[in-house]
Amino acid sequence: MSVIGLLKLNIKEMFRQRFLLGLLVFIELTSVILIMFSYGVINHFNTKTKEVEGTSMYYEIGRIDDELQDPQPAEVKAFISSAIPIVSSKLERVFFGAFNRKSDEDLSYTCISDYRNGKLIPVSLAGGIGEGRGFEDTDADTTEKIAVVPETYESDEINIAGQQFRCIGKYKVNMYSPANCVYIPYYAFPENNLEVLVVTMRFTKPLTLNEHNKLAQLAAKYVPQYEFPEFDGIDNENDNRVYRSIIGVAIVFMAISAINYCIMYKHILAKRRRILAVSRICGCTGTRASMVYFIELYGLSVILLVIGLLIFHCAILPAASGTFEYMSAYMTTKTYLKISGIYLGMLLVVYVILIGRFVRKTPAELIRSV
Amino acid sequence: MFSLGFSEFLKNIKNNILVLAELILIYVAAIFMMSAISEQYSLINGIKTFFDRTGTFVKQDTIAAGTTVTDEELLENLTGVERIVRPVETNLYGEIDGNRYNLNFITNNSDYVKSIPRLTEGRWCENAEHEDGIINIVLSDNVPFKVPVGDIVNLEGCNFRVTGYYGIKEMVFGLTNTLNTDGSESYISMYGTVNEFLEYNDPMSEYYAIASYEDVNREMKDRMYSGLFMIIDYYDDLSEQDIEKNMDILCTKFNYTADADMFDMRNIYTYSMELLRIKFVPVAVIFGLTFILTLTCIFNAASLNVMREQHNYGIYFICGNNWKNTVILSFMHWVCLSVTALIIAGVISAFVRVSNLYNGLAFSFGWMNILSLTVITVLILIFAVLLPFVMLRKMQPVNILRNNE
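As given, the protein sequences belong to chains Z and F, one line each in that order.
Counted the way the numbering used here counts, the first sequence spans residues 2 to 371.
Counted the way the numbering used here counts, the second sequence spans residues 13 to 417.
Calculated from the structure, these hints are not laboratory results.
Don't be surprised by glycine CBs; every beta carbon is placed ideally from N, CA and C.
Incorrect hints may appear among the rest.
Computed cross-link-like contacts, EDC-like style, restricted to lysine to aspartate or glutamate with a CA-CA straight-line distance of at most 20 Å [said to hold, decoys possible]: (1) F:Lys26 - Z:Glu366; (2) Z:Lys272 - F:Glu321; (3) F:Lys257 - F:Glu286; (4) F:Lys257 - F:Glu101; (5) F:Lys291 - Z:Glu326; (6) Z:Lys267 - F:Asp276; (7) F:Lys181 - Z:Glu231; (8) Z:Lys206 - F:Asp276; (9) Z:Lys146 - Z:Glu192.
Chain Z residues, not near chain F, derived (Cβ > 12 Å throughout) [what the hints assert, rightly or not]: (10) Val4; (11) Lys13; (12) Ala75; (13) Ile130; (14) Glu132; (15) Asp140; (16) Lys146; (17) Glu238; (18) Asp240; (19) Gly249; (20) Ala251; (21) Ala256; (22) Ala259; (23) Phe295; (24) His314; (25) Ala321.
This is chain Z alone, in the form it adopts within the complex (with noise of 0.2 Å):
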């Protein structure tokens, strides 16, 4: 008999029990969405951890090496503005502060900017002002050279990076607005002739390993010299020792899953031995034997592996997302690949062993076992 012919009769026996079939949809489609599930909530666990315990959530970027050149502001600017379609649902404030080196001037150029409605609105000052006027709103998106000054500083222009600034306002000099800082907005800031010694990011919820790296990849290549923060991970061995407990237990959904396999294709192919003795006898050799078996199994295993990917991914997921918003993050082609490879290797494994066990018997051993 050839292959094609006992694959079909195979499967004309698996559809003929009923049962059995809708059993194994039912486990596999079970397993395949608890495994999706428990991978998203433990991503998605130790992201919320970082959020409620205040980790994480503030970037300070900065050089590392006094050999080297420090940024010029219009990298630093190249560096902020590909970032913020990376995190705009997440930037609370961007702050750098930039200084001239060759100038003898002990002055600190200074944004700080809220990111709100999509733009960057420079913040007022804390310390208040004294004369004249502090940012507003609508100095977001200005380019016209404004500054706010200390109100030790005499004039009404400022010369900064070889550019004549106006100075809209003088702010009090106190603990919080220390006196050698002029403040200027994003798109007014001197692109040139300055030097920004750190970047600082902060956010109102904490960043996904994916919108991590991709904004150090982007530090890497808008501003080389600095050095990129670390992804954080939960700092207190509460949290660490929960997370890794959950990290077990989804090891453990896996170890299960893969016996509920074991258990059922024990029995399918238990109830196939009559089949497989008579198709032997007829000629049917080992190998074409396992081939047959393994091609039906692993199939239809596929088949619902991609089932249960389609109903995590169209119907559970965006479902779960409004209660675990870090998920979907985490939950991309990547990742579904990574998954299912691990999975499809796991079940290689026990149908290997299983298949493997069942067609080394003899033709006698399997109708005496019936």
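Based on the hints, put chain F in the right spot on chain Z.
Below, chain F alone, put in the same frame as chain Z:
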């Protein structure tokens, strides 16, 4: 019938190994899920006495508050104060192993603070034997000197017995170096780790000793100073007006600012519960998934077991057994499986408890674990009774035997 059930279990032990492995894993998963939930609650449980009554949480580190206020001053000025609890600290210098070190000490009133960091070695300072002239301490395990557990070191005239070591990422009540400035105080703000000090590169606070409160009170009370915060607890019958009045006195007389330096403990409790809820939901969901998987597995294993055994059940029926007895047979089979799985899961858990894995995993065994294991066992037994009943009740023995030819 029971002995027949047991002999069926023994006879099929080879076939049952996979089911047994599955049940063991289910039990182990349940134990760890419940332990994870207990771990989530352990920090707030360790200080729940503060949340059982009205009180005020007061920060001690702000510029506005100025100098530390003493307990005596507070008791003199405030009404209805039952107790004032605060972590107390000190810093001592001395020679250990021939080198000079400074060592930070912190202690908490063990009557109110029950939270104990998990030790990597030795015993908790309060649980070790107390002796006059000696203060029991547990050290953070990053200390640059290694004092064997049980040895005594002398610093500035005080003798300290090292009773154990704890990890630098363990949460310790009062070990905070900064407090939130946005008013979002919760139970988390009251805890901190040595690791946080390391991250701030504070050379004076790289390692900490937690001292026995009883010993500190006896031996070096006058050397201790207040930590970053205190909790003022009121008597239960104190009226809202008196609480308000106390808050006013704290503002006007001691320069504390409401919602910046001092907070109503009830608000902290509400915020803490909200935080716990947020952290608890994913754990609960994983637990729910484990439960679904458990049901699926038990259903799968139990129904396949009935299908496999129906041939035998048919023979038993012909020999005079009725279906009721068959159900008891299946029930006994699953009782044997569950008990064996429970014993092995218990052995695995005991192994985790005594091995190094214990420090890395959330592991505890309490009434919640017993409840979860009982629920799973009951579910298994329900399936064991229901499935044969549902699957076999309409079948004739002759048909079963013919189908299984």
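Hints and how they fare:
| no. | hint | result |
| --- | --- | --- |
| 1 | F:Lys26 - Z:Glu366 | holds (18 Å) |
| 2 | Z:Lys272 - F:Glu321 | holds (13 Å) |
| 3 | F:Lys257 - F:Glu286 | violated (28 Å) |
| 4 | F:Lys257 - F:Glu101 | violated (30 Å) |
| 5 | F:Lys291 - Z:Glu326 | holds (13 Å) |
| 6 | Z:Lys267 - F:Asp276 | violated (62 Å) |
| 7 | F:Lys181 - Z:Glu231 | holds (18 Å) |
| 8 | Z:Lys206 - F:Asp276 | violated (27 Å) |
| 9 | Z:Lys146 - Z:Glu192 | holds (12 Å) |
| 10 | Val4 | holds (28 Å) |
| 11 | Lys13 | holds (18 Å) |
| 12 | Ala75 | holds (33 Å) |
| 13 | Ile130 | holds (23 Å) |
| 14 | Glu132 | holds (27 Å) |
| 15 | Asp140 | holds (26 Å) |
| 16 | Lys146 | holds (34 Å) |
| 17 | Glu238 | violated (4 Å) |
| 18 | Asp240 | violated (8 Å) |
| 19 | Gly249 | violated (6 Å) |
| 20 | Ala251 | violated (7 Å) |
| 21 | Ala256 | violated (6 Å) |
| 22 | Ala259 | violated (10 Å) |
| 23 | Phe295 | holds (20 Å) |
| 24 | His314 | holds (17 Å) |
| 25 | Ala321 | violated (8 Å) |
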